[in-house]
Amino acid sequence: MGLLSFGDTGWGDELFLATLMTIAVSIAAMAIGFIFALIFTPLKLSKNKSLNVIGNCYTTIIRGVPELLVIYLLFFGGTGAAMYVASIFGYDGYIEINAFITGALAIGIISGAYSTEVFRGAILSIDKGQFEASKVLGIKKNIQFYKIILPQMLRLSIPNLSNVWQITLKDTSLISVTGLVEIMRQSYIAAGSTRDPLFFYSVAAVLYLMLTFLSMKLINKLEIKYSKGY
Amino acid sequence: MISIFPSLLSGAVITLQLLVSSMFFGLIIGLIFAILRINKNPIINKFAYGYSYFFRGTPLLVQLYLIYYGLANIELLRNSFFWVIIKEPYWCAIIAFSLNTGAYTSEILRSAFQTIKKGYIEAAQSLGVTKKITFYRIQLPIAIKQSLPAYGNEIILMLKGTSLASVITIMDLMGEARKVNVLTFKPFEAFITAGIIYLFITFIIHNIIKYLEKKYGFQT
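Chains as they are written, first to last, in the numbering used here: chain Z, 1 to 230; chain A, 1 to 220.
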């Protein structure tokens, strides 16, 4: 257990910080995913054919290609694209995009595709009568969405969003290939310098299990809280 | 774009090989663990639950690293006959993927077993069909039919999972795309072409499963 002590001799504090980094990236990715989902869910549900196609393309493509591909595309392509845009504005220096931002964005795009499907399913399962009733009462469209549809949609999507969260949490391990020091990268470094990969990857596995277990407990509590009265 | 196509296609062949072999072993593992999960003995039951909990709760990358880097650390394994298998990244990848997909498959099959109507089993019992034949001729076929849609999703998830093999030096589709990117400094061409090939494979798998569902699908 000496390997896991805090301070200069052990890897305990490094792994602790790495765990916090994993949590931070996951939360950032989930939040970015929500933004994508809130943009693309209306497109998928829209009656307009071309908007529909855009929404379907996003979810189909992202869910059909490997996560690693999205990460590499953003990581290698993002730098080039940013430098190209900067060169138009007359800046020719080297730009390096922060690994945290690229990683959170890449995982966010992926989790957004799953969240879109979840939201779509939730809205479709809301009783049609609710829409009609609010229309009859003369409630405006955007108030209808914010006050009536959105709260119900969020409540209905909690169980499925918990799955999306688990997927997102596990996907963040892939960002380690870009050099962001989260659990996986830190274990890789520790395993390399102590020559004990078995131990450190087991620790990484336990850390991930702890994170998934704890978040499960938390989400269950949320679910009970928000389904009060139903 | 055309010049990088042959190398990407050769990578796609490796990807498909990895997919087919891990789905094959994964199905066997999944079936065994699904049967263990519905066993009434609490120890066997808990063991199977622990297996699926571990492999579904940790990232595939951790599992891959544990097997590729971790197992080589054990002296006993290094001196044994298993070393022939474990020293090859290709086999390590297949072991990791099979164990991973096995865990998910066991959950899919378990829920299919549990949703089989009690009436079928009772009817078989009252007709004097033995337990063994009830399992092989009634429970198993129904479970397989019912789990087809979920299993199709699992195949596609595993196809995406095989891309991780590229981080342990296997030149699958992802590995080839990375090589093209490094050699040509054209990330968009390399990764987007690879993405199109992945989408194409996904599309084919999706349609095969749809066809099978239509043909053998279970209507209740």
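Be a bit skeptical, because a hint or two may be false.
Stated by the list, open to error - Covered by chain A, according to a simulated footprint, are these stretches of chain Z (three or more residues, beta-carbon under 8 Å):
#1 26 to 38
#2 41 to 53
#3 181 to 192
To be verified - Calculated pairs, DSS-like style, for lysine-lysine (alpha carbon to alpha carbon, straight line, at most 25 Å):
#4 A:K46 with Z:K217
#5 A:K131 with A:K117
#6 A:K117 with A:K132
#7 Z:K44 with A:K46
#8 Z:K44 with A:K118
#9 Z:K47 with Z:K141
#10 A:K40 with A:K160
#11 Z:K135 with Z:K221
#12 A:K160 with A:K46
Quick caveat, the hints were computed from the structure, so don't treat them as lab data.
Each residue gets a CB set at the ideal place from its N, CA and C atoms; glycine is no exception.
Hint by hint, here is what the structure shows:
1. Look at the stretch 26 to 38 of chain Z against chain A: 0 of its residues bring a Cβ nearer than 8 Å to a Cβ of that chain, fewer than three, so the hint is violated.
2. For the stretch 41 to 53 of chain Z, the stated coverage by chain A is not satisfied: 0 residues place a CB nearer than 8 Å to a CB of that chain, which falls below the threshold of 3.
3. Residue count for the stretch 181 to 192 of chain Z with a Cβ under 8 Å from a Cβ of chain A: 4. That meets the three needed, and the coverage hint holds.
4. As the CA atoms of K46 (chain A) and K217 (chain Z) are separated by approximately 20 Å, the hinted pair is consistent with the 25 Å bound.
5. Between K131 (chain A) and K117 (chain A) the alpha-carbon distance is near 16 Å, which keeps this suggested pair within the 25 Å criterion.
6. Distance restraint check for K117 (chain A) and K132 (chain A): the Cα-Cα separation of roughly 18 Å lies within the 25 Å cut-off, and the hinted pair is therefore satisfied.
7. Between K44 (chain Z) and K46 (chain A) the CA atoms are separated by roughly 42 Å; this puts the pair beyond 25 Å, and the hint is violated.
8. Restraint check for K44 (chain Z) and K118 (chain A): not satisfied, since their Cα atoms lie roughly 40 Å apart, outside the 25 Å limit.
9. Taking the CA atoms of K47 (chain Z) and K141 (chain Z), the gap is about 16 Å. The hint holds against a cut of 25 Å.
10. Between K40 (chain A) and K160 (chain A) the alpha-carbon distance is near 35 Å, which puts this suggested pair outside the 25 Å criterion.
11. With a CA separation close to 34 Å, the supplied pair K135 (chain Z) and K221 (chain Z) exceeds the 25 Å bound.
12. Note on K160 (chain A) and K46 (chain A): the hinted pairing is violated, with a Cα-Cα distance of about 30 Å set against a maximum of 25 Å.
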